[in-house]
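A.B. asks: Chain by chain, the residues run as shown.
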Amino acid sequence: MRARVAGGALLAALATALVGVGSAGADGEVTARVMYYKEQATRVVQPMLDGIFDAGDRGTVDAHFLVDAITSASAATGASGVAFTEKRYEAGATYRRQLDHLRLGGTARYSTEPDYTSVYGAVDGDLELLDKNFTVSATLGVGRDTVTNAGAPPMVPRIEGHLTTLLGSLAVSQILSEHGVLGVSYDLIRLDGYQQNPYRVVAAGGTLIAERHPDLRTRHALAASVKWFFPSITTTVIGQYRFYTDTWDLHAHTPEVRVIKDVGDWITLGARYRYHHQDAASFFATIYPSSDPMVAPYVSDDPKLSAFDGHLIGGRVEIAGGAVGAGGRLEQARLELVGEYVIQHNHFGNGVVSYVALVLPFEY
Amino acid sequence: MIASLALAVSSAGCAAVRPHERQDLARRSMTADRGKGEVRSDQHRAGSREGAEGGTGEPGGGCGCN
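Chains U and P, in that order, are what the protein sequence lines are. Numbered according to our numbering, the first sequence spans residues 490 to 853. Numbered according to our numbering, the second sequence spans residues 646 to 711.
Each hint can be trusted.
Straight-line distance between alpha carbons at most 20 Å, and here's what the computed EDC-like set of lysine to aspartate or glutamate pairs gives:
hint	chain 1	residue 1	chain 2	residue 2
1	U	LYS527	U	ASP798
2	U	LYS576	U	GLU602
3	P	LYS681	U	GLU829
4	U	LYS621	U	GLU667
5	P	LYS681	U	GLU518
6	U	LYS527	U	GLU829
7	P	LYS681	U	GLU745
8	P	LYS681	U	ASP543
9	U	LYS576	U	GLU528
10	P	LYS681	U	ASP516
11	U	LYS621	P	ASP669
12	U	LYS750	U	GLU829
13	U	LYS621	U	ASP589
14	P	LYS681	U	ASP615
15	P	LYS681	U	ASP551
16	U	LYS621	P	GLU666
17	U	LYS527	U	GLU575
18	U	LYS750	U	GLU667
19	U	LYS750	P	ASP669
20	P	LYS681	U	ASP613
Simulated from the structure, these hints should not be mistaken for laboratory data.
Just chain U, with the same shape it has in the complex (with noise of 0.2 Å):
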């Protein structure tokens, strides 16, 4: 019901902005979009809306709503595996407004699901220097989650917990020639309070306990990418590299590709590729041989922290409405087909991904 009101409030927002602004000649689009992933124990349908609206002159509002309708008798509920079916409703909006060489912005994002709500608030700015051709972007972020354990039988005891998470972000980007960009970025991320999941349990000392982790936790991601256009075969190259560390002694190496091949004027074809691979957090383990807290005082065998490599395979073909004939705003909407294919070595086994969007433009 909250979601309800939630999302309704948003699109009740979005109009009274696109009342309150609208002037004849503004741009817009919006998407709608379903993904649709399936594992060996998890299925997850996600029907989404995007639309972005210039707002004024010089401003935009980026708006979202999504439904996650999650089935899972998944690892990551932990040893019990019991099956459950529950829905995720998710709303965010973001404003933007472009000042000479400085452009502002601000977040909100809502996320509720019976047994877990996150608030997200956050600025941003972009400052364009050296005619454009080098961009600073810094981000502010704070969000608060409530996590519970609405979804255990009725004689467990009730959990609740409470998760600040604090984000800093700084990132340059660097035109290259007048084919190329380079970006790096750094993310400081910090987690303050419950991050264990209430209804997991891992085997130490001959019996299952609840999983326990510490309260904090502090993420260090530094990003680089380069993009790269080829006039001459009309493909653009994008080669992407994560490094990441945490407090908890996970590193991780996430590099990836994109290519990106326009065929003639309507049609897109795509092809991507991304390793990950981590260490174990220093606590994990698949079993404990105490569940004293003196003596182990974090006990997790969640699969997401332990150490293993993953790769995923994906392609995709878009379709512009000009390829059919379509004339006026109709010639640049496009028909989006994603298909994925994920190889995780680690107790979630393989998985597929797919998306199927479409994405209209319209002016008012």
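Knowing the structure of chain U, use the given hints to seat chain P on it.
C.D. replies: Here is chain P on its own, set in the frame of chain U:
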């Protein structure tokens, strides 16, 4: 710090590209080759299956899939 970064970049030999030379840089494949919703879902999926997050300017999470 920003001034230092700008100075470092400008002295690194990167040629200034003028606005009228940026038509290829403005292509969708160079600015947003994937839709926001697709990127958001991809980050959400990765965040619920991997121990690493970040590098995107957003904290991820915000759900009970931990």
